[in-house]
Amino acid sequence: MKRLKASMEWSKFIVLLVGLVAFVFPFILLIVNSFKENKAITASPLSLPDSFNLANYESAFTKMNYVSAFSNTVIITVLSVLLISVLAAMTAHFFVRNQSKFNQYTFFLMVAAMIIPFQAIMIPLVKVYGNLHLLDNKWSLIYMYLGFGSPLAVFIYHGFVKSIPAELEEAAMIDGCTRTQTFFRIVFPVLAPTSVTIAILNVLWIWNDFLLPSLVLTSSEQRTLPLSTFYFYGTYTVDYGPLMAGLLLTILPVLVVYLFAQKFIIQGVMQGSIK
Amino acid sequence: MISEKGLWSRIRLRLLFTGPTLFAFATVMIVPFLYGIYLTFTNWDGISTTSTMVGFENYAYVWKDAVFWKSFYLTLKYVFISVALVNVAAFLLAYFLSSGMKGQSFFRAGFFIPNLVGGIVLGFVWQFIFSNVLVSIGQKAGISIFGTSWLADPDKAFFALIIVTVWQYAGYMMVIYVAGLMNVPKDIMEAASIDGATAFRKLRTMILPLMVPSFIVCVFLSLQRTFMVYDLNLTLTKGGPFKSTEMVSMHVYEKAFLSRDYGVGQAEALVLFLLVAGITLLQVYFSKKLEVEA
Amino acid sequence: MKSWKSLQALLVSLVMVMVVTACGGNAGSKPADSSTAEGSANSGSASGDVKITLLNSKGEIQTQLEDAAKAFKEDYPNITLEIIPVPAGQSPFEKASALYAANSPSTITMLDTGDVEKFKDRILDLSEEKWMSDKVDGSTDLTTFDGKNYAFPLSIEGYGFIYNKAVVDKAVGGSFDPATITTTQALGDLFKKIEASGTGALIVSPMDWSLAAHFLPLAYAGQSADKAAVNQFITDLQAGSVDLASNKVFNGLMDTFDLMKEHNIDKASPLAGTYEKGPEVLGKGEVGIWFQGNWAWPQISSFDTASGAYGFLPVPISNNTDDFGNTQISAAVSKRLVLDKEKSTTEQQAAAKTFLEWMVYKEKGQDFLINKANIVPAFKNITLEPKDPLAKSIQAYIAGGKIEESMSALPADHWSKVGASMQKYLAGAADRATLAKEIQEYWTTVK
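Chains as they are written, first to last, in this note's numbering: chain S, 1 to 275; chain Z, 1 to 294; chain X, 1 to 447.
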């Protein structure tokens with residue numbers, strides 16, 4: 001009986017391991033091929049590289065203008081995420097504690113808006129902001145991320161704020177705190193795990209986003225990482241080698257962060273779902 | 001309830017707490033959305049300086065556009081299959097990876113990796129896998145099912161889309177299910193084990209009912225994401241072969257920007273929005289009911 | 001409690017700063033952004049420098065264009081030209097209209113011929129430019145509206161069957177003469193000979209744009225040597241009064257296509273191929289023939305095993321040598337440059353015009369067009385010989401008057417919609433009657 005159980009455990013382990021390998025296979029492939037020449041990639045995509053050739057990386061690094069694209073992406077992602085986390089928490093808190101009809105409708109409108117396809121608003125969006133001369137700069141993009149990101153963030157915070165006993169806040173207010181103070185002193189710290197979740201979800205989205213920045217940012221010095229990756233191959237040809245390297249360079253920062261903060265991130269997403 | 005003194009301080013508080021998000025939300029999403037609705041009543045082609053009002057002509061066209069409804073039906077099929085598979089795969093992974101086995105957090109971390117990458121990158125990598133790598137394996141090893149590219153066959157290309165979708169979202173939903181499973185009280189489970197309940201019985205009678213909230217969240221999230229699939233569709237199959245895998249988002253996009261029929265494209269986007277909104281709300285409504293009963 | 005207070009103060013001030021920067025950023029960006037167009041003009045008045053941009057929709061010459069911008073600056077140090085590429089997967093029209101919607105159009109925009117008309121309210125009339133007198137005859141007809149020409153013809157592109165001379169020489173046992181292939185019959189014999197010599201005959205690349213923007217339009221353009229008759233044919237298609245199933249040219253072309261299908265090395269899975277595979281197998285000599293255009297040279301050359309000996313064969317549509325199309329290569333001006341007049345300053349417009357002239361008349365400009373970008377120019381004064389064999393071949397056909405003008409102003413979604421029907425036919429999922437019906441149906445929906 002015990003042996004059966006042990007072998008069951010083992011077979012489960014093996015099955016999961018095989019599954020895991022299948023899951024990360026595309027990434028392994030990307031890494032392996034990023035060191036190879038174009039011809040070797042199309043001829044035998046599975047073979048290991050002959051040498052540790054960094055030529056593709058050099059070409060991708062310079063052609064993508066990596067340093068500038070990287071810093072643009074960092075600025076945009078960090079600022080947008082900070083704004084979304086703090087401001088959406090405030091809004092959600094306000095909605096939960098002031099359940100007027102107006103607030104409930106507004107909240108419902110936000111949640112409903114989450115299913116508006118981006119394609120349905122992109123040209124009007126560009127047209128409106130273009131007429132106001134607000135395109136082609138990072139700050140507008142960050143502002144748009146706040147607009148697009150707050151519905152989900154408010155929705156998630158809303159669920160968590162509900163679970164914080166109102167007595168806690170009432171006590172603080174009796175102690176002489178204002179609403180604002182109460183929020184930042186009591187509520188926001190309690191919401192910290194949720195904020196981590198929101199931050200993670202938004203980092204994953206904004207870091208990788210392509211369509212919105214491609215519409216908003218037109219000049220080359222403003223480009224983000226995904227944009228410069230895609231500006232970097234031609235209409236007809238696919239220069240596989242440098243492209244693989246470029247793709248890897250784009251996801252590398254996220255992979256590195258994930259490697260170190262993996263537990264945190266998984267926990268963040270977990271928290272995000274319990275409400 | 002916590003009350004405030006004075007009207008002015010109430011307004012100030014409201015502005016501070018909800019002003020920035022609501023203003024951004026309204027100006028970034030609602031205003032363009034309404035402006036987009038206005039555009040559906042015009043025959044604007046996306047560039048010209050003038051356009052005329054055409055009333056409901058564009059909507060009449062949507063009603064008659066057989067390709068739109070065909071791609072909508074295809075999307076429904078895709079959504080149904082992938083939502084089911086994503087959630088089954090994610091739940092099984094979560095179930096096995098929260099049983100306290102060795103290295104389970106390592107496994108969880110590994111299965112989550114696909115979520116770190118954007119849709120366009122994913123589509124590109126998988127296109128390479130389906131049209132180069134698998135074909136090369138198939139020909140060398142003589143596996144006929146991989147001998148030719150999956151993306152060249154309408155049915156297989158459809159399943160390629162589903163496979164990549166499952167690959168992409170299973171890890172994410174798994175994490176949510178793991179969270180749900182951790183909420184299942186341990187003492188009840190132990191009591192059940194002592195009473196001699198089998199693993200399957202425990203799963204069916206105790207775990208699944210307790211997991212209903214997680215199912216609602218996961219189904220909602222996966223519905224929403226699969227309905228709007230665009231990046232993946234574009235980079236993996238480009239709607240091909242011969243438009244057989246063109247999902248509805250892609251059709252709308254092409255109507256507006258390729259056929260230069262902006263008014264119709266926008267009208268179709270709007271119709272799509274209403275249909276999806278309806279379906280998602282129904283799902284949430286029925287599952288909330290289920291939750292109450294369970 | 002004290003630390004709480006300071007933390008709270010910190011957070012509040014952080015939020016305030018962020019709110020202020022967010023809003024301030026937007027407000028502040030207003031003058032900064034609106035001045036981009038005027039800004040360069042202002043700085044222009046200060047130092048005489050002008051900055052112009054060019055939206056490039058010919059991805060394969062992006063690097064060459066960037067180098068050309070540098071060379072241009074050597075000749076005109078006060079003009080800075082920046083090249084903006086259209087990202088892969090986006091159409092030039094889409095990108096250009098998004099830029100206009102965003103109020104930040106590029107000074108120069110590279111458009112496909114058929115798109116120029118849509119932009120005509122927003123772009124400059126170029127009828128008075130110097131190069132108008134040196135352009136190849138008829139090269140601006142399609143961009144002339146109400147007697148005014150709105151676009152600069154950038155490149156002539158041609159397509160047909162590209163052959164690898166090493167492979168076909170071996171197949172025919174001697175030096176291959178392209179002039180012998182003028183009928184479907186002769187083409188079929190050549191395919192068989194190539195196969196008999198132990199290599200694949202040809203590869204049919206299944207991209208929708210190749211099948212429906214290049215191959216199928218041969219059936220339209222081949223209707224008659226008289227352009228008015230071709231235009232009438234298109235009008236009739238739109239009116240629904242053409243019966244393709246009984247059309248001689250269409251059927252002739254499809255007979256050739258059937259032949260191609262039969263000898264295609266990707267016959268087992270005809271839709272699996274990618275564009276990249278074509279130049280590889282042709283260059284390596286694994287096939288003798290590939291249906292494509294002269295833009296493919298850079299990719300073919302990277303696999304070249306025939307020491308640069310390649311050329312074009314016409315796509316025959318019958319077994320009668322004298323029929324129109326059997327000795328002609330399809331070619332036309334494919335890319336046009338237009339100059340924005342809405343947001344560009346007079347200085348920028350002048351600088352952009354200078355760039356166009358530079359390409360036509362200055363040594364470095366011509367060197368860019370012919371030697372660097374492998375472009376077949378649409379100007380008679382340029383006498384530089386192209387280096388690449390495909391451009392040479394096209395020019396030889398032009399010189400010999402053996403040109404069938406390509407359909408370069410088809411409706412914008414023609415390649416995608418009809419391309420799907422062509423793919424269906426290629427894969428054997430539809431027969432010729434279905435194909436003809438679908439093409440006819442497509443045309444009746446064109447507004």
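FYI, nobody ran anything at the bench for these hints, they're computed from the structure. For clarity, every value in this text was computed on a predicted model and none was experimentally measured. Note that CB positions come from ideal geometry on N, CA and C, so glycine has one too. Don't take each hint at face value.
In silico EDC-like cross-links for lysine to aspartate or glutamate, where the CA-CA straight-line distance does not exceed 20 Å [as the list claims (entries may be wrong)]:
no. : chain 1 : residue 1 : chain 2 : residue 2
1   : X       : Lys51     : S       : Glu9
2   : Z       : Lys238    : X       : Asp67
3   : S       : Lys5      : Z       : Asp153
4   : X       : Lys447    : Z       : Asp45
5   : S       : Lys63     : X       : Asp177
6   : X       : Lys277    : Z       : Asp65
7   : X       : Lys437    : Z       : Glu190
To be clear about the criterion: a stretch of chain Z counts as covered by chain S if any three or more of its residues have a C-beta under 8 Å from a C-beta of chain S, and this derived list gives those stretches [claimed, not checked]:
no. : segment
8   : 13-23
9   : 52-59
10  : 63-69
11  : 96-102
12  : 145-157
13  : 185-195
14  : 234-247
Here is how each hint holds up against the structure:
1. Proximity of Lys51(X) to Glu9(S) is assessed by CA-CA distance (about 68 Å); at most 20 Å being required, the pair is judged violated.
2. With a C-alpha separation of about 33 Å, the suggested pairing of Lys238(Z) with Asp67(X) is violated against the 20 Å cut-off.
3. Our distance criterion of 20 Å between C-alpha atoms is broken by Lys5(S) and Asp153(Z), whose separation comes to about 44 Å.
4. Between Lys447(X) and Asp45(Z), the direct Cα distance comes to roughly 12 Å. Compliance with the 20 Å bound is thereby established for this hinted pair.
5. The straight-line distance between the Cα atoms of Lys63(S) and Asp177(X) is roughly 43 Å, outside the 20 Å bound, and the hint therefore fails.
6. Using a Cα cut-off of 20 Å, the hinted pair Lys277(X) and Asp65(Z) is violated, with the two alpha carbons roughly 36 Å apart.
7. Restraint check for Lys437(X) and Glu190(Z): not satisfied, since their Cα atoms lie roughly 69 Å apart, outside the 20 Å limit.
8. With 8 residues having a Cβ less than 8 Å from any Cβ of chain S, the segment 13-23 of chain Z passes the three-residue criterion, so the hint holds.
9. Coverage of the segment 52-59 of chain Z by chain S is violated [criterion: at least 3 residues with CB-CB distance below 8 Å; count 0].
10. As drawn, the segment 63-69 of chain Z meets chain S at 0 residues by the rule of a beta-carbon pair under 8 Å; below three, the given contact is violated.
11. By the rule of at least three residues with a Cβ nearer than 8 Å to a Cβ of chain S, the coverage given for the segment 96-102 of chain Z holds, with 4 such residues.
12. With a cut-off of 8 Å between beta carbons, the segment 145-157 of chain Z has 0 residues touching chain S; three or more are needed, and the interface restraint is violated.
13. For the segment 185-195 of chain Z, the stated coverage by chain S is violated: 0 residues have a C-beta nearer than 8 Å to a C-beta of that chain, whereas at least 3 were required.
14. Coverage of the segment 234-247 of chain Z by chain S is violated [criterion: at least 3 residues with CB-CB distance below 8 Å; count 0].
Taken one by one, the earlier hints fail for this structure at numbers 1, 2, 3, 5, 6, 7, 9, 10, 12, 13 and 14, listed in ascending order.
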